[in-house]
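Chemist: What follows is the residue order along each chain.
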Amino acid sequence: MSMPAGGDRSGRRLAVTLGFWIVPAIVVAMATTLWFSATTIREMADSAYDRSLAGAVRAIDANISTESGGVGVELPYNLFAFFQLTAQGKVYFNVSTSDGLVQIGDVLLPQTGGLASGELRFEDGTYFGEQIRIGTLKRPLDAGKPEGTQITIQVAETKVSRTSFRNELILRAVLRDLLVVAVIAALLAVGVFLAVKPLNRLREAIDAKEPDDLTPVEVSSLPLEVIPLVQAMNGLMQRTVDQAEQQRRFLDDASHQLRTPMTILRTQIDYALHQDNLGEIRQTLGASRDVLERAVRTTNQLLALAKARTHQGTEIYPQTVLNLSETAADTIRTLWPRIRARRMDCVLEAPDDPVCILANEGLLQEAFMNILDNAVSYTQEGSLIAVVIRQQDGTAAIDFIDEGPGMNAEELAHAGTRFRSGNTKGSGLGLAIALTVARASGGTMVVKNRDDRSGLIVSIVVPEA
Amino acid sequence: MTFVPRAVMTAALASAAFWATPSIAFAEPKNPECVAPAQPGGGFDITCKLAQATLQESGAVKSPVRVSYMPGGIGAVAYNAIVGQRRAEPGTIVAFSAGSLLNLAQGKFGAYTEKDVRWVASVGADYGAVVVQENSEFTSLSGLMEAIKKDPTSVIIGAGGTIGSQDWMKAAMAARAAGIDYKAMRFVAFEGGGDCATALQGGHVSVCMNDVGDSQAAIDGGAPLKLLAIFSEQRLPGKLAGVPTAAEQGFDIKWPIVRGFYVGPEVSDADYKWWSDAFAATMKSPGYEEALRKRNLFPLPMTGEETTAFVKKQVVAYKALAAEFGLATK
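Listed in order, the protein sequences are those of chains A and B. In this text, residue positions in the first sequence follow the numbering used here: the first is 1, and each later residue adds one. In this text, residue positions in the second sequence follow the numbering used here: the first is 1001, and each later residue adds one.
A portion of the hints provided could be inaccurate.
Each pair of labels, with its calculated beta carbon distance range [stated by the list, open to error]:
(1) A:Phe36 <-> B:Gly1179: 51 to 59 Å
(2) B:Ala1088 <-> A:Glu74: 31 to 39 Å
(3) A:Val28 <-> B:Lys1149: 49 to 57 Å
(4) B:Gln1234 <-> A:Ser161: 47 to 55 Å
Simulated from the structure, these hints should not be mistaken for lab results. These numbers come from a predicted model, not from an experiment. Using N, Cα and C, we set each Cβ at its ideal position, and we do this for glycine too.
Model the full assembly from the supplied sequences, consistent with the hints where possible.
Modeler: See the structure below:
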């Protein structure tokens, strides 16, 4: 249903819009039919009345005698009287010859010019202020001499009867058409009401819902045109439900993650407060410091995740074109002391040409850092980590390949989901951050076990810039 | 319009005094025919019937005169036929009236003038009359004019002949005298007074501007008509004495009508003289006056050259009158 062009369309009733288009269409259609009807009626009335005029003309014609050599016209008064009675008006006649010798009847009747010999023509005219219809016949006076003297016979009648007859017919046509318009309008009104009714039902159904009831609206009973709209609304509501659920879980998990270290800290502080032995206190505070460091790291990761999710990061954290191998090398350099502390090694394999993607540098480093840190943390000392950058079909990929134990099926399925760490040491935020960053650059993250040996491959795949 | 009757009366006296001995010296034309150039029942018919009856009665013709009708344009068609195709028929006389002369004066008789035929005789005088139905709402000429003045379209004026004809002229003169625009009159033309009288009886017209002769003949024949006015100098005698003149009713209009005959232009002098003499003799015969009276006509005897001179004088006078009413003349 297209809306009328221009104007403020908001808040207009659907019925009004329908009326706006349909009523003028009906009026125009009706006006057109009416005009045609009126024209037809006029022609038909004229044709019917003209036929009786023609009869009168022929009657006079038949009564013209030229036997004696003169021009004798026997006027059919009986016919006129009858004619006048039926026509309910006045009848005039005129007979004249082209040589001007004979002129009989209402000599002032308007002449019909340009008649061909033998032609009978009808015309409107005025006679003593009255509208009249004139039938004129012109023919040769002597049938044997078609080019000779012509005789013209005119019969005219006042148009009162004809006009009132015609107006009566036109009035009926108008009334009929008005009735049709009224019926159509009524049917339309009913139709529109019935068509809009499901929408009202829909509104009532939505109004009747509890404020926290976000279950989808039933669409089976709705008009076809409305179903996609309601489905879209249902989808929107579903996303809202999902989002709310995610946020609730995030909050739950975050609280849980932070409460554990807090509880440990309070226990340790309580223990330390009851100690007199300075060494004992120092040892306890040292343990507390470890706990606190873990808590700080978790908090930082939560913040990073929140940052990465903010409007996909693009507005507040502008994206620039980055060389993947440079960013990866930076990350490796940053984590190098940790890698070396575990006596591990890390190699970076990249194509000669720079592989560039569009991303926020800080967030990308954060993502790499988390993946690499996981690889360092969850593998045995002395193992090797390979970072491989490759290009395929317009995308750039970076694989972090370790020699650790890998993940079981359930862990793989939930990789990237927050707080789903395979062990108790990690928060599970690392891969979630990496996934979010990859999505912010229009890419994704793939986690799988190595085929050749035990180990995990975490790949970030994003479109090349 | 007083000059016509004066001339008529002078002529009447003169002819009565000097044509004492008619001599019919030439042979009678074969198959004598009187053409009434209209439908039966009008003034031309009466003129021909008068000739038919009196010529026989007086013994001027031996074989009976046949009356034939050639309607069309109040004599126009017949005039054209006589001047065009039947130029030399010795036995054919055609009736004419003042109306014929008025039409001639306006060129309504086609290309021909009054010089194109030979005028034989004037056999009587008639007067214009206003005729209505016997039970008409109109009782006087002034009442009629009042009604026309109030609503010109309400009164249908019937007349023999179209606009410019003598009947129209009578109506126009009356209208002018009443202060009515004569062009606004609703006017219906007929092929002679007879047709108009028929239409009047049928109620198709309100009034006929006819002549005394044909109207009174119709009334005498039982037609339910009455005369509202006669366009004569004085009241007419006899049964017409009860009809007021137009002048009496405030309309100073006189319309005497000469009635007579003409023959074709190539009719020989001998035949022309024969007809002229025959009429002269007949008009002096004892029964002629009674024949006129019976037909509500009045004496206006003229024959031969006297008739021709009279016709020429009348045509000149009618041209002036037609011009006065804005009609075309030639």
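Chemist: Against this structure, judge whether each hint is valid.
Modeler: Results for each hint:
About 52 Å separates the C-beta atoms of A:Phe36 and B:Gly1179, a value consistent with the hinted range of 51 to 59 Å. Taking 31 to 39 Å as the suggested C-beta distance range, the pair B:Ala1088 and A:Glu74 conforms, at roughly 32 Å. For A:Val28 and B:Lys1149, the hinted distance range of 49 to 57 Å is satisfied, since their beta carbons lie about 54 Å from each other. For the hinted restraint 47 to 55 Å between B:Gln1234 and A:Ser161, the CB-CB distance of approximately 50 Å keeps it satisfied.
Of the hints listed earlier, there is not a single one the structure fails to meet.
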